[in-house]
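**Student:** Taken in order, these protein sequences are the chains called A and B.
Under my numbering, the first residue of the first sequence is numbered 432, with each subsequent residue one higher.
Under my numbering, the first residue of the second sequence is numbered 946, with each subsequent residue one higher.
Heads up, some of the hints might be wrong.
Claimed, not checked - Sample of chain A residues facing chain B (criterion: CB under 8 Å; computed from the structure): (1) Asp588; (2) Ala590; (3) Trp591; (4) Ala594; (5) Arg596; (6) Leu597; (7) Ser598; (8) Gly599; (9) Gly601; (10) Val609; (11) Arg612; (12) Leu613.
Stated by the list, open to error - Not close to chain A: a few residues of chain B, all C-beta gaps over 10 Å, as computed: (13) Gly959; (14) Gly1184; (15) Val1193.
Unchecked claim - Incomplete in silico selection of chain B near chain A, CB under 7 Å: (16) Leu997; (17) Pro1021; (18) Met1028; (19) Phe1030; (20) Ala1034; (21) His1038.
Quick caveat, the hints were computed from the structure, so don't treat them as lab data.
Each residue gets a CB set at the ideal place from its N, CA and C atoms; glycine is no exception.
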Amino acid sequence: MKRVFLFLALAAPIGAFILAPIGYWLTQALSTLSGARLPLPLGDMLFSPLWATVQTGVGSALLALFVGGTAAIFVERTDIFFKGFLRPAFTLPTAIPPYIWAVGWVALANPKTGYLNTLLGVTWFNVYSPGGIIGVLGSAAVPLVYLPTVAALRRIDPAWEEAARLSGAGPLAALLHVPVRLVWPAMASGAASAFLYAAASFGVPYLLGVAAQPPTVTLTMRVYTELLLGPTGLMTATLFCLPLFALAAVTTLGTQWVTQKGQVRWAAGKGLGRRVQPLGSLRPALAGVLGLAASVFFVLPLMAIVLASLQRVGGQVSQLTFAHWAEVLGNHRTIAALSQSALLGAGAALGVTVFGLLIALAAESFGACGRALKLVASWPYALPGTVLALALVLAFSRDIRFIFANRVAFVLALNGSVGLLLLAWVVKHLALGAQNASEALAQADRSLPEAARVCGATPWQAFFQGTFPQVAPRLGAAATLTFLICATELTLAVLLVPSGYDVLGTLIFEMQSYGDPASAAVLSSALVLVVAAVLTFVGALRRKERA
Amino acid sequence: MASVSLEGLEKSYGATPVVKGLSLHIASGEFLALLGPSGCGKTTTLRVIAGLEQAHAGRVSIGGQPVEGDGQYVPPERRQLGMVFQSYAVWPHLTVEENVAYPLRLKKVSRADIAPQVAAALAQVRLTGLGARRPDQLSGGQLQRVALARALVGQPKVLLLDEPLSNLDAALRDELRAELGHLRSQLGLTFIYVTHDQSEALGLADRIAVLNEGLLEQLATPHDIYHSPASPFVARFVGGATLLKGRVDEGQLHADGLTLPLPGDCRRVGSTRSEHVTAAIRSEDVVLGEGSTQLTVLARLFQGSTTEYRLRWGEHFLRAHGPWRDDAHPGRPIAIRVRRLTLF
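So that you can see chain B by itself, here it is in the shape it has in the complex (with noise of 0.2 Å):
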């Protein structure tokens, strides 16, 4: 278990910048989530914190350990981590024990110690018995824990996971969740964790580094995260919320040709003094059926627990969650009222 530090981190791929500065302290035993879309860089971040990528600028150090920066390169296989690769990563010409073995021959563990250290390893993501397979007899939840069983099995400082669960299909990935929780609470390694799905963030993380171009968006725990986004790119991508541009005047709110009472629960962030605002209104504090503000409904998606509800105004659209309503056809027109934003 160790503490990660990253200071200013660097990394272009050719002209492109893909880490713009970056830096982070990731404390020993936590489980920090790099949380952001395509391209915004978390990959590449953890690929220079395992050493498979070198920063152009930038400190990287690992249990107070200095590993790169100052003309300093710790190379992959002397920095003791396990990663977890999206592909997992699996050798197709080895067994599953021979996989996981890999790390302690490399170690040069003796044969004796290696079996029962694989097969603690094994049981530990529930794989005891299948260790003679070959990859390809596997599934591919099967093969996800035999990644993580052997980045467990060099007993790693930390625990680098590239995205594991993105090519499993959607039951299988919340089982995993689960299991991946249940380990960490487990081992109580360092765990970093990069994904860009925001359920998956939210419910493993201690805190989420949510990252966009490079740049750290904000770096704070599930909740503030969730309730109180730094900014509005932080409150579209973690909340799904639908941001309108617009001025506050009179305790209203104008934008985009709308105009919408101000709630009670109106959160400010930043230096909103200026008339010139940018709103964001999640899809559950929108309520159907109340309030003086008319929209016209464009869709109506039944989604089991829940009804999505696309609404729309002139060329603009609002995203409701909320009951079904038999009233809500799509094409009619709907009272809707805010019962909570945020203005940037």
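So that you can see chain A by itself, here it is in the shape it has in the complex (with noise of 0.2 Å):
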């Protein structure tokens, strides 16, 4: 009776704030798609949006798979030079929002003032253009590709290489024939992942594609505008989130289908060595092509944003000022604006830490039913952030009233406040908490906890004495993903944050798309300073816990 009251009380928000929102949103699309009057046929209303949010989806991913595919193999299995730069760069992309990316790429290739294009006098690269929408997106989802890539080269045995190598096969060729043919799931996988993330993205196409010629307008674009339009645009914005959806169930079954089908059971071989094909005179050149690649997708960028940040009228780098910094770390609506964040990102962190723990526990402990349980807490995380926005937004756009004994016990009341913001994060983001918390409790050594009943522990006890402490870190470092990420997110902000409220990310949206780009910049630095921040002081903290 215990077990089942604890079942459901895990089963009922996750029920209340995951199946019924995301439920509710369907049914209310599909009635819209069959009775409500459409302004345009819903082949012609969808088509634009559809194949724009496809057509940038399928670049940045075939963008991502090139070089986070091309760089893992040849980081990870070979002697290239320069590692120590080519490693943290290919993965930098992960601590980084995306739209911060493409600050950066306006300072470089705006058409008129981008430094690119005003050093070389000629408008080389136009970053308004689904072109530039695909190269920033692109290059931020290089590291979905690139770390999964580097997982499963990391488990080939270096002996296969040197067998086909023996067999007759060139450095390159032995590449190809074992490793690449070994790790192709890994980076399809890595590849789909790349795709959602881009289809799903809201932030880099909207600050690149309204200025484009033509305009380039994606799904999760027309939503937004929709929903700027009030109660009216509601019905037309939960048709657009219905090809978005599709989009991810689509992707991620057949990523399932291509991982399963491209399985190979790896027979075993002794301990694996970190031995690596040498490449010979092809060595120079290939380090300088994978570094400059490097520079210029993620270390040019950044510094643009700096320089942007210093500069006294935009597009002029002869007067630079901290004038700024001054400004903008000084206005009330940047204090604001980061309090809140760093608040509701640490709100955020706890809840999906905490939350993901007991869905872990639950997943042990219950069995098929925990199973499933996790399962369902781990789906919005697969879902555009733009859908589960407004499936929150339609759920709870009237408060909720709980009546016990006839009287009103308790009001969710989440419509225009900042909690819907808080929750939307929570929920995004419980797969993270949960699957961190399934992994390290597997890790655990059992034997702890036991010796912690058989000397009386109660089995709560048992578990903060023995498990606890061995997951922690684990768990630490998922708060700390989870802070990093909801701190300066925008997807769901923008849709979600109330009116005068402001977080990181939609005050540097707001900035960079009403021509504020140099106090966008002094945002972008400081953001970018703070996350570098933060990841050396968990790295030297994990430096420590290992020696």
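Each of the two chains sits in its own frame; use the hints to bring them together as a complex.
**Tutor:** Spelled out as structure tokens, the structure:
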């Protein structure tokens, strides 16, 4: 009985805040589809934004696949130079939100005042174009391919490539015939994640697509503009979310199919060495190409942001000043946005970690029901943020009264409150908390809580005495990551933040899109510095732990 | 079939030298075992011969053709060698046939010619009928045979084997060792075989190169390595001898507080005119229940065809092998006689 009550206590919020809103949105969208009068035929209305979404999504995925896959293979499997620079460079975008890269690329490749275009005297590259969106989203999605490919490559016995060399294959053929063949499911699944990431993105397409000629309007942008119209646009917005939802579902199922189909059971070898393929005479040239790519994609935009933040006049690098920094950082809106982002981010991190741990424990303790609970809780992570935000807006647009013994016991009033944003961040990132907690629990030594039980501890006491200290570092890492993601998040925030309320993402977005790029550059630089400081601190802690 | 020559080979990992000036000549058609403990440089030497590592100094030639040294380096794919890896390195995404066919595909052999050659290689290692299987459907012994077939199918000049039997259980190891011996006599190839197992080296090789800390301790036939070790290290590593440091005085060995009369079969290596010597005594040369020297039995370990005894005096130990003795109870004294020893 107690177990049933515990399970229901966990299942109820998941049902109320995940299944019910998504189900409600889906029924609303389908009923709108069948009954409402649309301004245009449905096909005409959806085709253009769907095409723009697919176009930019596929382009970004291909770019991420090419850059991330190539970099992973050369960095992990060869003796290429500059690994100390290449490794962090190709993983850097995981820590920085995509719209920051857009701010950097606007500074670099704005057709009129971009540094590269000014330097070369011609419009070398116009960032306000589908190509610009693909370039920025694709480069920001590189780690989504790079990291799983690296993880898969590290499981490959170097002797497999050496055997290919001794069979007559040259260094590049050996790489192509063995590791590339073995890690393609990981690369394909990374590319699918990159596609979803790009298709669900809002900030980058908006910052670069609105000014494009002709404007590039994706599905997420249409949802945003419809919602700006108020209640009249709400129903149309539900329709634009349908293809986004379908794209996410098809991509997720396709990824699972590819991963299962391409799975090879790797015959056991001895402990894997860290030997790499010598590139011989190709070594300097390949290092130069990869180093240049990493610099162009990840160093140049950040340098451009810092430079833009120091400019007295836009596009002129001759007179640099810290005046913008003092002005922006001293502004009360900035201070409010920073403190609100930090507070909400911390709240989301706490919610994700605690609730994620409870879900992981439920998945261990309640058998198939527990695993199903974890699956549902992880679902929003694979959903486009725009769909989730809209579902929550629809579901909580009115106050919900809980009545007990003929009295109103509790009123859930999320409409127009910052609580809805906090809820959305927790729901969206719950998978991070649950997955990290599950992995940490799986690795924890079970004899420690058992020893506590034998000494007389209750199950909860044994958990806090024996298990929790073992899983705490991993939970801390998950909380830090969630904090960093949420405190700088834009897609959910732009749709759910109450009017007159700022968080960091929406403030930078507003500054960049409404003609104050210098202030946006200051905040973006500050954000990059803070992220770098947090990551350095976490890295130092981990090194200390290992030592 | 080709000879292999190493001259003054040197290789370091970081500041740690692994191979120190190794010189060897392996004749065409010879089976040479590189024998030594972990970290002695035997696998590194094999990998330098294969071209998978580059030496920092020295020369390597195969079939009289220089492949490394004096600024020259021929990559592994152009050395025409076959290699069996310790982990077998059978590619998991290819079937058995595809694994074996790979070297032929790279040589641009026509499809029509590949099939019979692959079938012949599989028959040679007794894997006929398993060509369509994936590696995860094979046992450890079968994987080892696939690796061998792949190494042989390209008709290499030299076959390199890096501890090929070390991942197998004892029974399979014995079976495959016998098969390797048979294959070797069939093929007449030059074999270079890395192992830390003295019985593999003694049983298979024409000559054994014993390595220790990157240096060649001894290069000789298995018979000579076993019966005429060139150094205390070889005596201990290959023969399992107990080493005693002491001095020789009036026909007696005084070592670590023990006095033993020198036997008639006493071999002297190097200039042992000096009083100070290291004596190597093999366990099978210790006769129990005879002689005047008394030691205490520490342990008696029945091993089937023989029994191992651990004998003790003070803080020192001596191993002996012989038939089971009821009177050799642990804790009791027993008389011993040494019938053969080597002085270094």
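**Student:** Decide, hint by hint, whether the structure agrees.
**Tutor:** Verification of the supplied hints:
With a cut of 8 Å, the hint placing Asp588(A) at the interface with chain B holds, because the nearest CB-to-CB distance is about 5 Å. Here the hint on Ala590(A) is kept, as its CB sits about 4 Å from the closest CB of chain B, short of 8 Å. Proximity of Trp591(A) to chain B holds as hinted, the smallest CB-CB distance being about 5 Å (cut-off 8 Å). Hint status for Ala594(A): holds, given a least beta-carbon distance of 4 Å to chain B, under 8 Å.
Of the supplied interface hints, the one on Arg596(A) holds, with its beta-carbon coming within about 4 Å of a beta-carbon of chain B, less than 8 Å. The criterion of a C-beta within 8 Å of any C-beta in chain B is met by Leu597(A), whose closest approach is roughly 5 Å, and the hint holds. With 8 Å as the threshold, the beta carbon of Ser598(A) comes within range of chain B, its nearest partner Cβ sitting at about 4 Å, so the hint holds. For Gly599(A), the suggested interface contact is upheld, since its CB lies about 4 Å from the closest CB of chain B, less than 8 Å.
About 6 Å separates the beta-carbon of Gly601(A) from the nearest beta-carbon of chain B, less than 8 Å, and the hint is met. Of the supplied interface hints, the one on Val609(A) holds, with its beta-carbon coming within about 6 Å of a beta-carbon of chain B, less than 8 Å. A cut of 8 Å between beta carbons decides the hint on Arg612(A): the least distance to chain B is about 5 Å, and the hint holds. With its C-beta approaching chain B no nearer than about 6 Å, Leu613(A) sits inside the 8 Å limit, and its interface hint holds.
Gly959(B), annotated as away from the interface, keeps every beta carbon of chain A farther than 10 Å; the closest lies near 13 Å. The beta carbon of Gly1184(B) is kept farther than 10 Å from every beta carbon of chain A, the shortest such distance being approximately 28 Å. The Cβ of Val1193(B) lies farther than 10 Å from every Cβ of chain A, with a closest approach of about 46 Å, so its non-interface assignment holds. Contact between Leu997(B) and chain A, as hinted, is supported at the beta carbon level, the nearest pair being about 5 Å apart and thus within 7 Å.
Taken as an interface hint, Pro1021(B) checks out: its beta carbon lies about 4 Å from the nearest beta carbon of chain A, inside 7 Å. Taking 7 Å as the C-beta contact cut-off toward chain A, the hint placing Met1028(B) at the interface holds, the least distance being around 5 Å. Given hint, Phe1030(B) at the interface with chain A, holds; its Cβ is 4 Å from that chain's nearest Cβ, closer than 7 Å. Given hint, Ala1034(B) at the interface with chain A, holds; its Cβ is 4 Å from that chain's nearest Cβ, closer than 7 Å.
Interface hint status for His1038(B): upheld, as the beta-carbon distance to the closest one in chain A is roughly 5 Å, under 7 Å.
Checked against the numbered hints above, the structure breaks none of them.
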